[in-house]
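Residue numbers for the sequence shown follow my numbering, beginning at 1 and rising by one.
Certain hints may be false.
[To be verified] Pairwise CB distance ranges, derived in the manner of DEER restraints:
| hint | residue 1 | residue 2 | range |
| --- | --- | --- | --- |
| 1 | V103 | V126 | 31 to 37 Å |
| 2 | W71 | V103 | 22 to 28 Å |
| 3 | M54 | I134 | 28 to 34 Å |
| 4 | V34 | W142 | 19 to 25 Å |
| 5 | Q57 | G133 | 34 to 40 Å |
| 6 | P60 | W142 | 17 to 23 Å |
| 7 | R62 | L128 | 46 to 52 Å |
| 8 | I138 | F10 | 18 to 24 Å |
| 9 | Q57 | G129 | 27 to 33 Å |
| 10 | A47 | Q123 | 31 to 37 Å |
| 11 | L74 | T146 | 22 to 28 Å |
| 12 | G67 | L7 | 18 to 24 Å |
Simulated from the structure, these hints should not be mistaken for lab results. The beta-carbon is built from N, C-alpha and C at its ideal position, and this holds for glycine as well.
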Amino acid sequence: MQSFSMLLAFLVGAGLVIQVGLNMTVSRALGGAVYGTLTNFLVGTAAIAVFMLMTRQAWPAREAFAGVPAWAWLGGLFGALYVAVATLAGPRLGALLLLALTVAGQMLASVIVDHFGLLGFPQHPVSLGRVVGIVLLIIGIWLVATR
């Protein structure tokens with residue numbers, strides 16, 4: 001099961017560059033990154049709604065919403081921020097540098113989250129291998145950025 005999850009994560013990662021390109025195209029056509037970002041979330045919301053209808057997903061009980069910690073609702077804000085920034089920065093940085101920097105930020109934050117077991121993730125202490133991996137990623141970004 002872990003191999004399948006790893007494959008899905010890889011494919012979703014590959015899809016991010018496609019998403020940014022599509023959002024940039026919509027943004028150019030509609031006159032700004034905010035429109036591309038909004039369109040991204042409207043289409044995504046519609047797709048999830050159709051999926052829920054097709055699979056007959058029940059809406060959670062009102063009590064379930066009350067049980068969600070207030071800070072957890074910020075996930076949507078972080079998603080919107082990512083889409084907006086990627087849509088704005090993509091044309092300036094190019095796909096490779098944009099996604100390399102995105103992955104570097106994700107890895108650095110992930111090491112911290114894992115080390116302390118934050119946000120519901122299990123605790124995985126920092127190791128030499130993880131630190132070396134991040135250093136190599138930073139070297140890779142430098143190589144990509146210097147073209």
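Okay, the hints, checked on the actual structure:
A hinted range of 31 to 37 Å is violated for the C-beta pair V103 and V126, which are about 18 Å apart. Distance hint check: the CB atoms of W71 and V103 are about 24 Å apart, consistent with the given range 22 to 28 Å. In this structure the hint that M54 and I134 lie 28 to 34 Å apart at CB is violated, the actual value being about 41 Å. About 32 Å separates the C-beta atoms of V34 and W142, a value inconsistent with the hinted range of 19 to 25 Å.
Under the hint 34 to 40 Å, the C-beta atoms of Q57 and G133, about 38 Å apart, fit the expected range. Range check, P60 to W142: Cβ separation about 46 Å, and the 17 to 23 Å hint is violated. Checked against the hint of 46 to 52 Å, the pair R62 and L128 passes, with Cβ atoms roughly 48 Å apart. Between I138 and F10 the beta carbon distance is about 21 Å. The supplied range of 18 to 24 Å therefore holds.
Evaluation of the 27 to 33 Å hint for Q57 and G129 yields a failure: the beta carbon distance comes to about 40 Å. For the pair A47 and Q123, the beta carbons lie near 34 Å from each other, so the given range of 31 to 37 Å is met. As the Cβ distance of L74 to T146 is approximately 35 Å, the hint placing it in 22 to 28 Å is violated. Between G67 and L7 the CB atoms are about 33 Å apart, so this pair departs from the stated range of 18 to 24 Å.
Violated hints for the displayed structure, listed by number in ascending order: 1, 3, 4, 6, 9, 11 and 12.
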